Amino acid sequence: MSTDVFANFSALDELIQVIYQGVEVFTVLSNVSDIDNCWSIHLSSNGRWWKGYWTPRNVLDIIGSSPSSSLLEQFAEKLSETFIQGQICVTGWGTDSPQFTLGPTSKRPMHVSLEEMSMEDGALYAASMFKEIAIQAKSRQCRLHGDSTEPAFTHNTHISPVQSTAPDVSSSPQVGPSSEAKESVIKASPVKQQVPETVKKRPAPESRPVTSKSPPPRPKVAGASLAHPNKKARRFKAVELGSDSDDD
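The numbering used here applies: residue 269 is where the sequence shown begins, and numbers increase by one.
Misleading hints may appear alongside valid ones.
[Said to hold, decoys possible] The calculated DSBU-like cross-link candidates involving lysine-lysine, where the alpha carbons are at most 35 angstroms apart (straight line), are: (1) Lys319 - Lys406; (2) Lys346 - Lys406; (3) Lys399 - Lys319; (4) Lys399 - Lys346; (5) Lys399 - Lys375; (6) Lys346 - Lys375; (7) Lys319 - Lys375.
[To be verified] Label pairs and their computed distance ranges (CB to CB): (8) Ile331 - Phe398: 29 to 39 angstroms; (9) Ala405 - Asp364: 16 to 26 angstroms; (10) Ala391 - Ser301: 11 to 21 angstroms; (11) His413 - Lys375: 34 to 44 angstroms; (12) Gln342 - Ile284: 42 to 52 angstroms; (13) Ala395 - Ser336: 36 to 46 angstroms; (14) Tyr393 - Trp361: 14 to 24 angstroms; (15) Thr373 - Lys399: 31 to 41 angstroms; (16) Gly290 - Ser336: 35 to 45 angstroms; (17) Ala394 - Ser334: 18 to 28 angstroms; (18) Ser336 - Gly362: 21 to 31 angstroms; (19) Ala391 - Ile284: 11 to 21 angstroms.
Everything labelled a hint here was simulated from the structure, so no lab data went into it.
All of these numbers come straight from a predicted model, not from anything done at the bench.
Ideal Cβ positions, reconstructed from N, Cα and C, are used throughout, including at glycine.
Produce the entire structure from the sequences given, and follow the hints as far as they go.
Next up, the structure:
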């Protein structure tokens with residue numbers, strides 16, 4: 269039974285948390301190893317690393333010598349909830365025997381003894397974590413921090429032809445935009461102002477015919493003046509001038 273203990277500890281695998289304790293800031297990682305058959309804790313502060321772990325014996329000493337699989341899962345889930353909720357701390361910091369503690373205010377806190385790692389081992393572990401982060405980032409378009417609203421793309425994802433900025437028009441005839449592109453254009457275009465039906469059905473005003481006929485000429489007045497056709501011409505009497513012979 270002891271060899272199957274950590275097969276039920278998947279809830280504690282690949283967890284990471286930050287501990288703010290006074291002026292100290294710790295980064296703690298939780299992992300379950302099937303190869304080493306243990307639950308391990310790695311803690312880092314100011315470039316230094318500490319490591320601690322539980323063996324099957326540590327678990328059996330707490331919950332009993334013959335636990336069922338469901339009991340082991342419940343115990344691991346309880347520890348995972350405590351880890352995720354941040355109910356953790358480092359006790360005995362600054363001493364030769366620090367401990368990683370889960371549920372420090374509970375009736376029965378759980379402790380994992382820590383031992384400082386060498387600089388070389390700490391650097392190797394940090395490098396392995398960065399490698400794991402880079403591998404996981406491939407599913408997020410190589411972004412360090414994933415966005416839940418963005419779709420995940422892999423290296424063999426095909427890009428839609430609509431997204432192409434330089435289509436090859438020399439080898440294929442030109443075609444109109446796709447239905448998806450038309451739909452996006454329609455959604456982006458402003459809405460035309462609605463015209464009431466009464467205005468739409470109003471008939472256009474009838475245009476009056478333009479006649480090119482000139483008004484009839486006025487009747488000529490008898491004896492009218494040539495300068496003023498509507499007025500009669502003035503009559504002038506001839507003035508007879510006397511000759512020089514009449515004076516004599």
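Verification of the supplied hints:
no.: 1; hint: Lys319 - Lys406; in the structure: holds (29 angstroms)
no.: 2; hint: Lys346 - Lys406; in the structure: holds (32 angstroms)
no.: 3; hint: Lys399 - Lys319; in the structure: holds (19 angstroms)
no.: 4; hint: Lys399 - Lys346; in the structure: holds (30 angstroms)
no.: 5; hint: Lys399 - Lys375; in the structure: violated (39 angstroms)
no.: 6; hint: Lys346 - Lys375; in the structure: holds (14 angstroms)
no.: 7; hint: Lys319 - Lys375; in the structure: holds (25 angstroms)
no.: 8; hint: Ile331 - Phe398: 29 to 39 angstroms; in the structure: holds (35 angstroms)
no.: 9; hint: Ala405 - Asp364: 16 to 26 angstroms; in the structure: violated (38 angstroms)
no.: 10; hint: Ala391 - Ser301: 11 to 21 angstroms; in the structure: holds (20 angstroms)
no.: 11; hint: His413 - Lys375: 34 to 44 angstroms; in the structure: holds (38 angstroms)
no.: 12; hint: Gln342 - Ile284: 42 to 52 angstroms; in the structure: violated (23 angstroms)
no.: 13; hint: Ala395 - Ser336: 36 to 46 angstroms; in the structure: holds (39 angstroms)
no.: 14; hint: Tyr393 - Trp361: 14 to 24 angstroms; in the structure: holds (20 angstroms)
no.: 15; hint: Thr373 - Lys399: 31 to 41 angstroms; in the structure: holds (37 angstroms)
no.: 16; hint: Gly290 - Ser336: 35 to 45 angstroms; in the structure: holds (41 angstroms)
no.: 17; hint: Ala394 - Ser334: 18 to 28 angstroms; in the structure: violated (39 angstroms)
no.: 18; hint: Ser336 - Gly362: 21 to 31 angstroms; in the structure: violated (41 angstroms)
no.: 19; hint: Ala391 - Ile284: 11 to 21 angstroms; in the structure: holds (18 angstroms)
Checked against the numbered hints given earlier, this structure breaks hints 5, 9, 12, 17, 18; the rest are met.
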